[in-house]
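K.L.:
The chain contents come next:
Number of protein chains: 2
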Amino acid sequence: MGAMKSSADATMAASRALLGHVARSLQGALEHVTLPQYRALVVLAAAGPQRMGALADTLGVHPSTLTRTVERLVAGDFVTREAAPDNRREVVIALAPAGEALVADAMARRRDSVAATLERLSPDEREAVRRGMELYAAAAEEPGAPDLLTLGM
Amino acid sequence: MGAMKSSADATMAASRALLGHVARSLQGALEHVTLPQYRALVVLAAAGPQRMGALADTLGVHPSTLTRTVERLVAGDFVTREAAPDNRREVVIALAPAGEALVADAMARRRDSVAATLERLSPDEREAVRRGMELYAAAAEEPGAPDLLTLGM
DNA sequence: TGCAACAGTTGCACCCTAGCAAGTATTGGA
DNA sequence: TCCAATACTTGCTAGGGTGCAACTGTTGCA
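Heads up: the sequence lines are chains V and G, in that order. With our numbering, you'll find the first sequence wraps up at 272, consecutive numbering, no jumps. With our numbering, you'll find the second sequence wraps up at 272, consecutive numbering, no jumps.
Worth flagging that the hints you see were computed from the coordinates, not collected in a lab. Misleading hints may appear alongside valid ones.
Ranges between beta-carbon positions, derived for each pair [claimed, not checked]:
(1) T153(V) x R187(G): 38 to 46 Å
(2) D196(V) x E190(G): 49 to 57 Å
(3) E260(G) x A223(V): 17 to 25 Å
(4) G195(V) x T153(G): 19 to 27 Å
(5) A213(G) x E246(V): 22 to 30 Å
(6) T153(V) x E219(G): 27 to 35 Å
(7) A166(G) x R239(V): 22 to 30 Å
(8) A235(V) x P242(G): 30 to 38 Å
(9) E260(V) x A220(G): 21 to 29 Å
(10) E261(G) x A166(V): 31 to 39 Å
Reference listing, derived: stretches of chain V covered by chain G, where coverage requires no fewer than 3 residues with Cβ under 8 Å from a Cβ of chain G [said to hold, decoys possible]:
(11) 228 to 234
(12) 238 to 251
The C-beta atom is built at its ideal place from N, Cα and C for all residues, glycine as well.
With the hints as constraints, model all of the structure from the sequences given.
P.N.:
Written out as structure tokens, the structure reads:
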């Protein structure tokens with residue numbers, strides 16, 4: 120009876136903790152770029168260099184909106200923008216080192232805080248966490264890219 | 120050796136799944152209010168009616184910024200704003216029904232999608248998830264309010 | 001009573017996102 | 001070769017968020 124409820128409660132509690140990790144990991148990045156800008160960096164980090172059109176589609180924004188966003192990211196040296204080699208009307212955006220670092224750092228910070236949390240557990244407990252998390256991740260539908268992007272992944 | 124790493128990996132994977140739930144649960148709310156506005160609603164839902172000053176402190180924004188934000192929330196009937204009964208220079212903000220519903224709906228949707236995921240597991244597996252999640256939540260430092268607020272909780 | 005501290009609001013300036021419409025350059029096919 | 005489709009940019013408009021400084025009303029103490 121209460122079995123479902125209590126696992127749901129526990130999962131919600133854990134989700135708050137995990138959310139905290141994500142949020143903190145984002146905090147640093149958001150001092151340098153806005154959330155929409157960061158979302159663009161995340162897409163580039165995940166999918167590699169992109170044409171403007173493809174990027175706009177993935178982000179779900181109007182091409183003209185992306186033009187300005189990219190403009191700012193270029194100004195901040197987070198991405199590069201150059202004409203495609205084979206097609207001069209296409210523009211390819213790629214992560215610049217600073218942009219790469221921004222995303223990588225956030226990822227690393229997130230992973231570190233998860234690891235730090237796990238470190239407080241005994242090996243047995245850690246194993247229990249691993250199994251629980253694995254089961255949950257397997258049971259969950261893979262969240263779509265657009266979903267994750269809402270929160271900057 | 121790899122024990123820590125694999126639990127960390129599993130946890131990161133689960134965190135992506137949970138993030139997906141959170142993001143989807145927020146999607147509906149963000150069609151009606153902006154993220155900063157939603158953050159205010161979350162604080163009010165969690166801590167009850169607040170003075171402007173207290174709310175601004177919690178949200179970490181300038182009082183004048185909060186004035187406009189609240190202005191918009193009042194216009195949308197998401198909150199009420201009235202002078203404190205005992206002190207006429209203080210202004211108390213409280214959730215209006217629509218605001219309450221907005222937050223409650225997001226919470227409910229999130230909980231539903233977690234429950235739906237758990238439903239795909241056997242009772243034994245569910246129990247393993249419960250235990251893992253509980254252990255993780257207990258080991259994690261309680262994420263501070265400001266952290267959670269970054270992502271709209 | 002009067003004045004300083006307090007709680008919010010308003011004016012101002014600035015930046016960012018966002019979409020639409022029009023414009024430009026490029027490409028590819030008729 | 002020429003014209004339409006494509007890919008992106010630019011001009012325009014609008015709405016938010018944000019902080020600072022100045023202002024208003026209120027309170028509380030000397």
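K.L.:
Tell me the numbers of any earlier hints that the structure contravenes, in ascending order.
P.N.:
Checked against the structure, the hints that fail are numbers 1, 2 and 5, while the rest are satisfied.
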